[in-house]
Every structure is written in structure tokens, then in C-alpha cells.
Amino acid sequence: MPQIFNAKSNVLARATFLVAGLLLAVLILAGMYMTPYTHRTGIAPNQPAPFSHKHHAKELGIDCRYCHTSVEESRYAGVPATEVCMTCHSQIWTNSPLLVPVQESYLKNKPLQWNKVNKVPDFVYFDHSIHINRGISCFTCHGDVTEMNLTFKTHAFEMLYCLDCHRNPEEFMRPADQVFNPNYVPPKNQSQLGKELAEKHGIVKGQLQDCWICHR
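Read in order, the letters of the sequence shown are residues 1 to 216 in our numbering.
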């Protein structure tokens, strides 16, 4: 019986299976990369004491700056010292087992070791005060923390995410008195308002995309 396929057909078959295998592997890896577990989004890390932004910021109406005191003047928003927590909790919920780590921290004068929720890569420069003082709200990057019982990361903070704002800052800017307002709703003329705010703050869109802005 004559051979139907020649030797070249074997090479073609092997190449086809190899390419198909590589393509499948790429698709699997891409799918894994897009999952929340890769970027740790939507996952609240363990903390020494459970803290609810929903309870403190929404239900009690405590301003962001009461705890994050340096957010308007420093690269870092700041994590509150135990003394800040004990301002209230030396009087209320004093018998709650959830607050034992906080009480021990205060009595031993040993800071609580909070685990970072949003970590900026070592090769990226980020300054909270620059963004806050130019009308970029906490909630733009951190999501609506007033609805979080336990705090988790809402965005992957990849370069494309940052560039979306740096290319179109007028779409995200707020008036100064609305930066810390969790209930702020952008007006219908947001683009025009944003352009006026950008001009007021001396923002040049072209410069925002320069490499050195974030990579210093």
C-alpha cells in the first residue's frame, strides 16, 4: 500500500502540535495573570486588628485625615499611631477581644505592624500629597473604602491604570473641597470642570506622560 503522507507531513504535524501547545500555555498563563489572586485585588490581607473603614468612615463619619494625617503634605498617607485609636477606644469597646492587640500596643508602647494593602513597586515614585492637592481623590485609586468592612486593594496599579489618569487628568479631578467626599458625583460638565482645574493647578498633560514623572 503506498504511503499517503510524506516525511514533510510528519514535520508539519509536529510543528502544528507544538504551536497549539504553546498557544494553549500562553492562554492559560494570560488567564492566570488576569485573576485577582495574581494582583491580590479584592483580597483583604490579615491585620493585627480588624479595622472597618465602613464603620469608621461611613457610619461614624470620621474624615480620612483624622487617621491619615500626612496625606496632604507627604509622599505617604500615614498610618495612625496606636494613640490615635485609643483616643476613642480608651472609652468605648474597652472589653472587646478584637481590640486586645491595640490595647497591648498602647500599654507596651510598641507600634502595631499593619500589613500593606496597596504596595507601590520599588521602581515607581508616588506622592500622595501631589495627587491630593491637585484634586485627585483617595477614592479614585483606593475605591470606595467606606463600603469595606475589611480593607482590600481594588486596582492592580499597573502602568496602564496610572496612564489612564495621566493622559486624561481632567476626567478625574475634583474641586479641593470634594477630594475627601465619598459621596461626590462628577457633574455632567466634568470634562470642562477638569480642564479648568488642570489649568488652575498648572498641569501640562504632555508632561504627565514623561517617564521621569514616575520613574526617578
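Careful: at least some of the hints might be erroneous.
[To be verified] Below, in silico cross-link-like pairs of lysine to aspartate or glutamate (EDC-like), each with a Cα-Cα straight-line distance of 16 Å or less:
#	residue 1	residue 2
1	K205	E158
2	K108	E83
3	K110	D144
4	K188	E199
5	K54	D144
6	K205	E170
7	K54	E147
8	K110	E147
9	K205	D164
10	K200	E158
11	K195	E170
12	K58	D144
13	K58	E147
14	K195	E171
15	K119	E158
16	K200	D164
17	K188	D164
Since the hints were derived computationally from the structure, they do not count as laboratory data.
All values reported here derive from a predicted model rather than from experimental measurement.
Evaluation of the provided hints:
1. K205 x E158: violated, 19 Å
2. K108 x E83: Status holds; Cα separation ~12 Å.
3. K110 x D144: violated, 31 Å
4. K188 x E199: Measuring from Cα to Cα gives roughly 19 Å; hence the hint is violated.
5. K54 x D144: This hinted pair holds, its Cα atoms lying about 9 Å apart.
6. K205 x E170: holds, 9 Å
7. K54 x E147: Holds - the C-alpha atoms of E147 and K54 are around 5 Å apart, at most 16 Å.
8. K110 x E147: Violated, at about 30 Å.
9. K205 x D164: OK: K205 and D164 at ~12 Å, within 16 Å.
10. K200 x E158: Given that 16 Å is the threshold and the Cα spacing comes to 28 Å, the pair is violated.
11. K195 x E170: holds, 5 Å
12. K58 x D144: holds, 10 Å
13. K58 x E147: This hinted pair holds, its Cα atoms lying about 7 Å apart.
14. K195 x E171: Measuring from Cα to Cα gives roughly 8 Å; hence the hint holds.
15. K119 x E158: holds, 11 Å
16. K200 x D164: violated, 21 Å
17. K188 x D164: violated, 20 Å
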